[in-house]
Amino acid sequence: MPWGLKRFQQSGQLHFLTFSCYRRRANFQSIRSRATFEASLETVRQGYRLWVYGYVAMPEHVHLLVNEPQRCGLARALQSLKQSVARTLALRAADPFWQARYYDFNVWSEHKFLEKLRYIHWNPVQRALVARPEDWKWSSFRHYVSGEPGTVEIESQWTVRTSERMGIFPMVQTPPKESPRPSRAWTGHPPE
1 MPWGLKRFQQ
11 SGQLHFLTFS
21 CYRRRANFQS
31 IRSRATFEAS
41 LETVRQGYRL
51 WVYGYVAMPE
61 HVHLLVNEPQ
71 RCGLARALQS
81 LKQSVARTLA
91 LRAADPFWQA
101 RYYDFNVWSE
111 HKFLEKLRYI
121 HWNPVQRALV
131 ARPEDWKWSS
141 FRHYVSGEPG
151 TVEIESQWTV
161 RTSERMGIFP
171 MVQTPPKESP
181 RPSRAWTGHP
191 PE
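Mapping the sequence shown onto this note's numbering, position 25 (from 1) lands on 25, and the numbers just tick up by one.
Hints in this document: simulated from the structure, not taken from any laboratory.
A quick note: this is a predicted structure, and the numbers were derived from the prediction, not measured.
Cβ atoms here follow ideal geometry from the backbone N, Cα and C, with glycine treated the same way.
There could be a bad hint or two in this list.
[To be verified] What follows is a set of in silico ranges between Cβ atoms, one per label pair, in the way DEER data are often shown: (1) Glu148 x Arg23: 29 to 39 Å; (2) His111 x Arg87: 32 to 42 Å; (3) Gln157 x Tyr22: 36 to 46 Å.
Given the sequences, and given the hints that come with them, work out the whole structure.
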């Protein structure tokens, strides 16, 4: 990401984020490393009240679709996530675990929400890691298809229904008028 690029945070919009391992090394090649990432993401989700709409852990990078956390800025939550993973997987390594900085795209419409979510879920297929998105265990795709809970709680129609059955009705912050709320549509179609 070029230096000097402006970020538009604290806007009430969702964010499509990409961050890479140092020099695009395959630090998430093993099952253990991807499981560590998922556990750290869930801890940060809970601790910062972050809503995760989608994610995928690829061998050398990660994609997230999240809201802005309620407890602090998005950059602080990501810093916590990256530090947690690095401490667990590469505490005494000679090189950094992560590449500095990250890509941040503000998601301002339902169309962009679905486009980014499809991109996240189909990324392992596009990279020829698996034949179908449901075959890659380290993403939110299975949750969208079946409601199956995973390590990371995903904000979707499934979690809303489960919460309502338990009598939990979360308070929703109203986004600015120019930032429509994304639908909770299933994204089982390949990217266009």
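Notebook entry, point to check: Out of the numbered hints, which ones does the structure contradict?
Noted result: When the structure is compared with the hints, none of them turns out to be violated.
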